[in-house]
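Enquirer: As a plain string of letters, each chain reads:
2 protein chains.
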Amino acid sequence: MFTLEAECEGARAGSLQTPHGTIRTPIFMPVGTQATVKAVLPDELHRLNAQVILGNTYHLYLRPGLEVIRDFGGLHRFMGWSGPILTDSGGFQVFSLAKLRKITEEGVHFQSHIDGAACFLGPETAMEIQAALNSDIAMVFDECPPYPCDRDYAANSWARTLRWAKRCRAWVDAQSTVHGRLHFGIVQGGVYPDLRRESAEALVEVGWDGYAIGGVSVGEPEEEMYKAADASAPWLPKDKPRYCMGLGTPPQMIELVARGIDMFDCVLPTRIARNGTAFTAAGTLNLKNACFRRDPGPIEEGCLCEACAQFSRAYIRHMVKAEEIVGLRLISMHNLHFYLKLMEKARAAILDGSFPAFRRAFVAGYRKHQEAEAS
Amino acid sequence: MFTLEAECEGARAGSLQTPHGTIRTPIFMPVGTQATVKAVLPDELHRLNAQVILGNTYHLYLRPGLEVIRDFGGLHRFMGWSGPILTDSGGFQVFSLAKLRKITEEGVHFQSHIDGAACFLGPETAMEIQAALNSDIAMVFDECPPYPCDRDYAANSWARTLRWAKRCRAWVDAQSTVHGRLHFGIVQGGVYPDLRRESAEALVEVGWDGYAIGGVSVGEPEEEMYKAADASAPWLPKDKPRYCMGLGTPPQMIELVARGIDMFDCVLPTRIARNGTAFTAAGTLNLKNACFRRDPGPIEEGCLCEACAQFSRAYIRHMVKAEEIVGLRLISMHNLHFYLKLMEKARAAILDGSFPAFRRAFVAGYRKHQEAEAS
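Chains A and B supply the protein sequences, listed in that same order.
Take 51 as the starting number for the first sequence in the numbering used here and just add one per residue.
Take 51 as the starting number for the second sequence in the numbering used here and just add one per residue.
Hints are supplied without guarantee of correctness; some may be wrong.
Where chains are identical, the list cannot tell them apart; a pair therefore holds if satisfied intra-copy or between any two copies.
Said to hold, decoys possible - In silico SDA-like links for lysine to any residue, alpha-carbon gap of 20 Å or less: (1) Lys418 x Asp223; (2) Lys216 x Asn336; (3) Lys338 x Glu117; (4) Lys371 x Leu147; (5) Lys338 x His109; (6) Lys371 x His163; (7) Lys391 x Gly123.
Worth flagging that the hints you see were computed from the coordinates, not collected in a lab.
The structure presented is a predicted model; accordingly, all values stated were derived computationally and were not measured.
Produce the entire structure from the sequences given, and follow the hints as far as they go.
Expert: Encoded structure:
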């Protein structure tokens, strides 16, 4: 159940009850693709105040396989994470990762990227797998169209996504063992505002516990991403959470919070950490840079994360240059802290009515630095 | 200062005071080659009850370089480790890692394995670097002969090592800022017992705070390693600690404790963790094995480490197979716990007089399994 606690010029603060706890929104969800947030342990996620993490249906279905996770009663006990888990449906992954995929009305036939084995994912199997993973929030199985795609493709694709969504709904409704699990629909429709509206309205008619905006973060220009949100959010019910999938940079998240989005997930914090790059309020910092060689300061002045509390830029730079795992561990911790804290600050600003000022100051401060870097 | 607290049929329990704390022996020292114990943070080392860790002069001298570490007043603050640190002299590393090395009476000219830069390490520079690293225990600069090597080579080599040791002693004696730092000599002499004895006696005459047995773990058969210890230890003073460098497997360490050795360091616990292999009292366990796919038990039943307390073999196997960093993190934690705990148990057995029974039971239990594996 979702409770809308406050609104502030379009931005929303809320709370979402799940079987493994309540999530305060807006929220960033660290990505645990293969049943681990890369390089980070569950205890550390708790210390970071992570409220909910992601698991990927496609990856976990292929490896370790459902029978292993079923032995543990689901993903929580298997990976040692006691908080809420959201699983994607595998749709996006099948389209972007699998080999030799063939889309039929039934679902998608594909070859595993691990061993080439012939596999199938369809609406019912995707829901069944997520039930076995025992996630708190399960996503419908959708087709994620590429960018760019023409209007006919987008229209046919979302029509199929709607038919698949109805099959997912039927599968869920036929189950008796759901126990408070939430199910989210996914709005598609590409860059076509009328298709986005049609998609949103039709999905709302089917009825879901929350709504995701899909088909973003697929290579489109940033403006198209905002347009997709602008074209979808107004047609979604206010009393349900809204989740923008696979996004984004810090200012993108703030801009989307301003457009009424409540939930985000993104691999950037851990992915760029592995390349030695840290997020700060003044933009990204490449810790490989020679200027940090003797820098005794923390990654970000004033940051309270475990990396900044104990380690210098000089040390972390040395770890990155020497290709030591501790380097990416420390930057991953800092980056996740930064993303989680940013959403906490946005929430506080929404609750006390200062979100517009917070948004302006944050986005300007972040972009000013990035533009200075680029020039 | 070293205090011999108990002896039990050759095995010794003692305590060694250093500027950053007292070390209870026998002790295993985790290796932090590049200013990090691979994949493990200082907080975790404290939770593992690690008492002292190693740093490598050769690696740290080349990267990040002395001026960086001097900025931090030494290695402790640079890497965030508040306990004792032992640094090697770089001798062994120069002989095994550097390119185009040329040994002269002055020292060793070599090319950095990182960027090919021309470098030099000699007795005085090795002591100076270790002073800059501000380690609690510094090792003399020695020549480590290869295995096999003939008697002439071994004799000439240890004679030079002795001349270098005297130069190290002179350098240390000329300093006024040592503040309780300990300096250890290194016994060489290859597989020749009379050379080992000569080497030990001559080094004792020079006078050190502790004595290492070098030139072991260089590819010789296990029996030769024990012979080197047997040929060296009797000629070393009882009231000084004895350190067998770069060793070993769990039963090897116990066998060397039985021969009067007090200190060990070894990369095995973290190195084999990266390959998915864990140490247990019944030998090693390759967690990649298919038999662990659905195994809900911990790496080792009854183990109290953080990995065994929270994670199953099935999960850790999945992490290893999926090449996730959390896999090697968990196994590294377990393996370090195993090594540290083994030395704690050996110490307790020495103190209560049960070491011979402990030794027999442990070595037999470990080897029985390994032999069963091999057959």
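Enquirer: Checking each numbered hint in turn, tell me which of them this model violates, lowest number first.
Expert: 1, 2 and 7
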